[in-house]
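Enquirer: Please assemble the complex out of the two chains, which come individually in their own frames, going by the hints.
Residue numbers (our numbering), protein chains in the order written: chain A, 1 to 483; chain B, 484 to 1466.
In case anyone wonders, no lab produced these hints; they're calculated from the structure.
The model shown is predicted, which means the values in this text are computed figures rather than measured ones.
All C-beta atoms, glycine included, are put in the ideal place defined by N, C-alpha and C.
Okay, the calculated bits of chain A under chain B, using three or more residues with CB under 8 Å as the criterion:
no., segment
1, 97-111
2, 230-237
3, 388-402
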Amino acid sequence: MNHASELRAPYSALRAAITRRHFFRDCGYGVGKAALASLLVGSARAADTPAGPLSPKKPHFAGKAKAVIHLFMAGAPSQLDLFDHKPELARLEGKPLPPEVIKGQRYAFIRPDAAVLGPRFKFARHGKSGTELSEVLPHFAKVVDDVCILKAVHTDQFNHAPAQIFFNTGFGQPGRPSMGSWVVYGLGCETKELPAFVVMSTGAGISGGAANWSSGFLPTIYTGTRFRNQGDPILNVSSPAGFDAELQKDTLDLVTDLNKKHLGVVGDPEIATRTAAYEMAGRLQTAAPELTDLKKEDKETLALYGADPDKPSFARACLLARRMVERGVRFVTIYHEGWDAHSDVAGNSRKNCKATDQASAALVADLKRRGMLDSTLVIWGGEFGRTPMVESNPVLGRSLGRDHHPQAFTIWMAGGGIKPGVTLGKTDDLGFHPAEGAVHVHDVQATILDRLGFDHEKLTYRHAGRDFRLTDVFGKVIKDALA
Amino acid sequence: MTRLGLSRLVAVVLVAWGSAPAGAADAPDFNRDVRPILAARCFKCHGPDDAARKAKLRLDTRDGAEAALGKPGDSELVRRATATDPDAVMPPPATKVTLTTREKETLAAWVAAGAKYDPHWSFIRPKRADVPKPKFAIRNPIDAFVFARLEKDGLRPSPEADRYTLVRRVYLDLIGVPPTPEEVDAFVKDKAPDAYEKLVDRLLASPLYGERWARKWLDLARYADTNGYEKDRRRSIWPYRDWVVRALNADVPFDQFTVEQLAGDVLPNATVGQKVATGFHRNTMLNEEGGIDPLEFRYYAVADRVAVTGTVWLGLTLGCAQCHTHKFDPISHTEYFRLFAYLNNADEPDLAVPTAELEKRRAEIEAKIAMLQPALDEIASDKNGKAFEAWVAAERKRAVKWITLKASKMDAGGATKLALQPDGSVFAGGDAKKRDLYTLTLTDLPAGATAFRVEALPDERLPAGGPGRAYYEGPKGDFLLSEFTLKVDGKPVAIAGASEAHARGNLTAKAALDGHPHTGWGGSGKPGVGSSAVFNLAKPLTAKAATLELLFERHYAASLGRFRISVTTADGEVKARDIPAEVEDVLARDPPDRVGARGSDAVIRYWMSVAPEFKAARDEIENLRKQLPAYPETLVMQERPADNLRPTFRHHRGEFLQPKEEVKPGVPALFGAKVAPQNRLEFAKWLVSPENPLTARVTVNRHWHAFFGRGLVRTLDDFGYQGEPPTHPELLDWLALEFVDRGWSVKKLHKLIVTSATYKQSAKVTPELLAKDPENKLLARGPRVRLEAEQIRDSALKAAGLLSAKMYGPSVFPPQPANITTEGTYGGLKWEVSPGEDRYRRGLYTFMKRTAPYAMFGTFDGPSGEACTARREVSNTALQALTMLNDAVLVEVAQALAKRAAAHGGDTSDRVAYLFRLCLVRPPTADEVAAIGKFYAAQKGRFAADPKRAETVAGAGENVVERAAWAATARAILNLDEFVTRE
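The shape of chain B in the complex, shown without the other chains (with noise of 0.2 Å):
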């Protein structure tokens, strides 16, 4: 290279990388140097939206651009760019955006040569290039795209990291702690040529590595333990991050993880983990404060979705097209709402997880009820014939003929739902409101009716089994019936009085005549147990057909979900009883049905469950059924019925309470594609077809991002107008194809990565190369980063001998201050620190509380839960020092480690260097042994003179003089840039 060329080339590597300038002999690239000058100064105005745009002119279509581009010397657009009049001059000075003599260069020379407008580069289809061949040494085409950059720029590749620092650099890549120093001495002395390679396989073989790639994708999915927002309540969706980590270590190709992620639940015959699956979208935040209208938090939880589907897969910043058509990339206000609509139209259950420890337990303990129901069985049928037959006598004097209504039309308002069911009962489908009121038009009216009946009833499609459709704030599955009210041609019709048959406190059936809509009945709370309430007719009612009105207005959601009206007309007054339905029909017919011992079983079990014969034997079966082990609930999507879909309409301003025209689903414009997906299904099967040019690039990217702490397209959630462009354009094609063709399998990814000679460089930073490529765009060494917060907590635990290997299952609690999760904190969370080796888990498995996550981690730059995250800022800072130095969990860890090199045979100096390797790897250099080794000895002369502060230090035991010491040591050594940092 000449000495012009490089001094230009620095030039630009200090100015403008990634961007070159418009050189004058060349032309200016317009996705490279014109497209981000007219993106970021012009587009706002001139765009793509039609309500911003001025002068009815657009530039970001070459159409529309014409008459303003002119011809070359007579260009409108460079006249105005380069104006020096205020009136004149574009953009206005009254937008404060100005163009720099640069910029207004590049659009001249671009004009000068013709105006050409290419597709934007992430838009069109990856294109295979030939791979180069650069003079360095390859190891595989990842370098043959890097060192050719290199070679050109006049820059060289770095050696390869030293073993200790390469061993250390693909634990933490790809199972996220460190070795032990055994580990490490096995590889350095693996002399085969092939010795990486085989460490490679062993680590993407290991289980760890699930759960090491599994926080990276719980960053997107905002996974957390709790709901968020005010009450911030607990929350059960492990089961969820479970399936994360187990479809990572079985390498489930990424279409597939894609599709059952999105759409589990509507593939043909779904299995329980594909329905699991659809917890991404599920770790949406619900707020649960009093009063809210819970429709527009749906709402929010939706329009989150859409922008985390776009950041995740498409790489696209959706959510700026939710208020307004997007001002910098091709995405109307329309085409957002049109995404928003395969995402809307799915109901949000939980689901019961059966795990195969339960399902045995659960088997074993119904295998000793099944023994004890025979001996019932014989005593119903036998020995108390008699005491039955005096029961059901009794009991056919109190039984009332009830009619079960079917309402000839039914209405709940627009989001609700109701549908008969085949019992005569009804079902309320669709989304509860703070209000819903239920208007039923009853036509077959028997003469002479005196007393209505409200059953609640259980069903297992409602939040915990019903009655009622509470799903937030109150108890799941509550409901309140603030009024009930029977109007004949619109005039209400006298109540005289109200029972139930089960009422909590003052929430009684007569308080749902009383007109005040905070007040009504409430059934008897309890989860899956239904109820009932008779309303009594002042005078038995002569007309043949009535309105019936069922309010529920709590301030929450809280309206039935299945109930059932029925009428009689039976004389006096009517009162509620704790008795099925079904029962006191049979009991009621007229003529009797026989009920004798084989007669109903309806019946015979029902006498069963309340005979006081059977008291001891019933008390046994319920012990047992006490026993019974819950199976652990997740949160799950479960696609709305074709008979049932929830509109989407365009809301203006992206506002809640604006709904304008209704839209149907679709994707934007941009992508071409041929037929548009029609569900969600079809959805996420389009978004990892070859139609969509995104997904495989966003994907490789951002796994590159984690091997090398930047992506070649640096802003790993934008690859529209605004984002960076690619730093290797062409790599990030092939990775992207290569991706595909071996069948989207994140772990050959890794591996092509890991054994590329970029990926085991060594990060050492000469002055030099730190002017030329202070980021390390260009590669021309290793990656040196940070490690992440939960890296750096396993990797002390795992030199401490502590980390468990105990994997899935409810998140735990590791020490910190009580405090943290409830000091201002309004919904407040009793942090007790988990038993046995839960305190020793990996840090994947950390509860997480979105109003106060996990101090430590929290320092460390971890995520809240409440956004998605595609790339954690990594801070330096001196909490994160105190942290490290005071924390106590890393105290414990300097402790237990103290104990490791107080065992260890050898001299002071032989103990300094594995405690060292244990914490670092490598080897210390004699310098290092020996400002440790004074370090160690003056501690523990200090400590000598104090044993009471070294016991406290160290922990009670033997030799806590030199423990205290170790630890001491241990601690400085924890708090070594080195141990945070993956070299």
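With the rest of the complex left out, here is chain A (with noise of 0.2 Å):
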């Protein structure tokens, strides 16, 4: 199958990638009687074959990465008292920004004339490249040799959820397809026992909500699976109480048959998919807890994420996450949502480093040392930055917080061909706007998609009149950032 031409081509295209009844038509299978009667009763493994949704295909291009990990900071960090040090916001500090500098700004909940406040942290400078970073990032500051960092970026919402929905899916309402969704859409997956797209959250809730990893206009087969922390990790993974292994293989058993008895007798191949999905779900009893058996994990590897096997943590789902990409997921997020400092940005700064930064800068360094990181693409960053100027607010209890941010804020990329040990763009000496190389999200999204192989522009799927793309009509490679 031309598989480009299937990423351009109208919703039926895709469709005949659904059921392998469109498959006979669109590759010019099946069209020997014999051949398709053997296909009709024979081996119900449909969803194996080459036209499954979620079977491997070849991108546009070879890419480099393989796997995405996307490690959300949701609430949105504050790059000021991270990366993007500006020892100018000290010197002016408790004064106003000069107006021309903030005209016509929307801000959430400050006056865009709020006085300014200096960088809380000290910062110092790290690796061969001489990274500044602050003092809540010792263990990032170990790894930045290998890391990407943007300092420029810029989206165009300041409000959490139609900002994480924005950075997620390219758009500020819900209703687009999800990164992880075009993205398994595109390249399909490697494993037949676990979700190609998985989500993970480990914080406070999730503003943008499910919308983040909606599959959206696409098939809902491209959903972001949900990984939870309290009971089972996939909804429903397990037998319920008394329905014992035996039982659960008699019944496979038992469906199975009846449904090819009845595929004989009806000849709708949907039946044979269908079984195919039973015999997924058996494989995900099995394969779901042997992934989250953290205890196989050495002491050692536990002890550089810092994970406890047993207790719902960032860092415990940082190691899953590298165990997933090993068993063949194709995508990966984890959101860590409690950013949001709109007060005591230095308390909420020091608490989620705790809980991030040894997991995040662990991760990387496990993928490389296990010779993953080539190709897996890891991404740490929040849906927008935070404000140079103060958040304080008697009636809200609020003191030397700040606000929500859009013009330029800090990620960072790692592996799956970025150039590593650079940081690119600059933001002027107040930390507002974006000085040079400056990036948007859909630049950012471009490049996500072209490590994997993507010409961005190409990657489309006709939704309602019109051909949408995960970076709507705009977005442009970050040439710099690419090794």
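Expert: Shown next, in the form of structure tokens:
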């Protein structure tokens, strides 16, 4: 099948990939009656055929990355207190910014003329690259030569839910497919035992909700699968009490047997697809507990991440993400929400760095020593940045905080064909606007797709009268970030 | 058909359904063959969008294309299309768009035949074609059209499905649940020729019908029980859902159904029901995240309404024209905003919806209160005369004389309009913003004013009754007066101090003087309850004129909705008091009015509400009042008055922050409307008028899809140039006209469809049919489609005998793990499983939380309510398998089925057959009985060896081993493909 044309094709072609009956048509298979009949009543491994919507596909060109782990710092970390050191803010602390800087900006809580707040932490240079980092990122400092820091990222949205949805789907309102969905739609998945696109959450709540990992108008099979902290990691992955393994096996055998009988009568290949889905369910029931059993990891690795095998945490999620990628999962997003420092940005940053710094760095180091970093793209960042101005509000009990700042913020990427040890983009002396190397969220998305082997302008899907893509009608690959 | 003809047909079938290639003999058809090529390859740069047009060439109109078309043999268009020189070829290589050889041939053949342009098929009115006379037996004209096409293509209809399959199919399609074995037997045994038609009539009359079809409509309406976005709080709009169920059961004609939902509030003497119906477009989301710009999200909501109206009634992708003129369809950017203007002039209040039951309960309580009231009056008039006189005397000393000020000019910026009310108060209409500044010009100040009073007044037009205008994030009806500034000649007047009748925490009147916009006076904080604040001037004012500025600047819109400004010249520090102004006014009059026993009702009433003498009587009444049940509320539209219209602008690139020139309402020129509809009501009526060629077609097509799993036009939401052409154009037009002629009756349309031979065909697929028509476009067989999420749940509950017949009311919470709506969810919702029969209600009534939808429904492709869903995806996944195998609801169903099986008479085979029929309707084959019986026996043996496990599986009670084995068996049957599929 000409994969590139499938990706560009209108929705009929995509539908074609969904079920086997369409496969016969578009691929020219099954024209001979005998072949057709044998496929219909033969092996019920329809989902394993090249036409399955999740089966591995070739992208537009050979990509560097095979998998993505997106560490989504929901709530928006303060770039000014972690990465983007601005001594000028300390000098101006307590004074308003010049009107020409702030004109026309809308803010969530503060007035644009609020006073400047200086950096809350000490900064120092690290690694061969001599990258300046805040003291609350001691672990990240050790892997800084393996990552590419983007300091002048900007976005269109200044409220959490729309901005999170924007980062994940390229659009500020719910309804479009998420990055993970696009990637799995384009690349399929290596594993037949686990979901292709997994979502974990370790902080407070996620503002954008399920729209962040929704398949939007793509087929629902591309929706991210939640891995939960409480109860079954995947909903309903364990059999109900008393329904033991033998019963489960007998049940699947009976279901397969009767489905096959019925397929013989009505001839609809969709029945074979369903049987295959039950086989996959059976494999999931075995694979999920094996995946989440972190006791198999050695002590040194657990210590590297700072993960307790039995306690939900960001560290545990990072380690799970590595194990997932090892097992062929294509896209993992871990949401760590809690960075929304409207008050006490120092305390907030300290607390969230404590929860995430070690494990984020460990993930990079662990992937690297296992030889997986070259093919795994790690992305770390929030939905926007925080203001150089202070937020204080006696009614809401807030002081020494920072408001939402979409004009410039910092993210980092590592592995998967991203240039290591560089910092790209600069903000002005106030950390307010990009000064050079400004990149829009759509550019970041284009770059992620590029590393996976996609021309972001060609990874499209026909919906409601036009070809949609992750980057809307925008986006340029950040060439300087490519290894 | 010749051998050659057949092979050509197969080629067509396999390669290019619906777009037959240009044969050597016949000229290409413009609509079918040519426009799709031009639209897909050329219109982006040579289409309707002036801004994107290259080389001043447009190919979407004959005039625009004239020069490029040239003449046969000398056509620039053909030259460019077939050029090999990269500098000459069109589309240019840089666009990465290329023409296929077949497309080039088609264009050349079309130009050779004279390059005829025909209007797009869906933009001209439907025509009634002659009903064909195929050689196959037909039941109604639907079959005539379908079978004639089959005949033409060398196919033949499938035989009618067997009665078991048919009864299950028509039950599931019309009422959403399968029949019981008794209902099945009644039909199977009924040998009357009209047995099926009687069954159809019975189903159409069932109340379950409205529930089934409401769900499909709610997909389009993007219905949900929460507001969406970050906070995703609960909302009450289920009365709209119930309105839909009732309307569908009553077979309200679709034209009326349309008008009431789009403009019910504007109908003359609108009924409560017609207002409730306008909830259709109130199903847009509401962002309550801290610090948002509320008008921005209102703008998005209106944009969503435009897009949804386009999808549902016009089958047009209007949303594409939000940012720029439509790239393919003839809808300009300005025309988009003209449509926007129809939907942009409504306020969005909550409406209390009285129900008969609640009205009765209220009447009972009010009758009791009425019986207590005379006793109170009696005490007041006779026995306590002296106490009253004494109270009046004391109060007169405290009363301050206030003069109500009527501003000579009031301004609140563009979005809000301040209007003087008969009582001297001011009502703020229009849109509240995050920062509102009211400026009142006062020109009749009394000499020596010493204090100003701001009364915050309730008003039923305001959210939750006011007095503020907060409608999101904060409590409804909340306000925060950030700053009170009085200016004379532009200079602030010194204020000595402030007091208030009510304050919450530090939201005091003094805080409205501190210069900090986020602090201020917040009133009582109780919805529908007023308050007042008094600001004392540092020294008496000599000026006659002043300007009063009231600033409201919370992190959500919280300006006052109704207020009154008064001034006094009283000496000394005046304090705000918790006493109604009209009472104080009477008490302060000089010379005093007589306020004796019958002197002033207002004074007496107030005295009775505070005097200790009446506490006991008051408490009794108050207790009763507390029991008065509140009417449920629902979200509605309310057109703005003519003197306060909301202007609509064209927004550059569709961006909220870039309004350009103002536009007036109107429909796109493509419709050639003689008189443009002027307002929302006229627009709604126009949608269902014969002038609009689309609504009837789009509607019947969507219903066709519901029965056949695919539309006659496959792109249900796109009838424009980019949509797929109809497979059966004459049938689509015939159905559209028939639908209108039959009074827009949806039930009649459904009856027509389900009584057709086309619908009743067996769904069996032969390898030949599969090869020739894999998607069943030509309908040589019946439909076989997976059930929708709610149908799966409802079918399982019905099979188990658990399904509740209760209709209507607030949404319910069937079992699911509690962390679905809490873990990692910002606006967490505690999912408390509903007690009693609410646990087993139809899926329609399950609470829909947008950011964390009910898990089972999400797994089976149910919508989240975040966007209009014209067509649910149909997936087939491992997560679905896990749900069917392991979900708590399904386990409960299996246990209930086990009880039914165990209690059934006969031997194991009889019970297997019974269980099978409960779930799958048809009797099992001998093979199936044997396989299931063997499974049952094996499980029974294993459970007998482990009675504890048996009890876990079966639940406590008698016969645990047997029941556990039946539960395991029932679970297996529920997991068959057939259970989740309508055949």
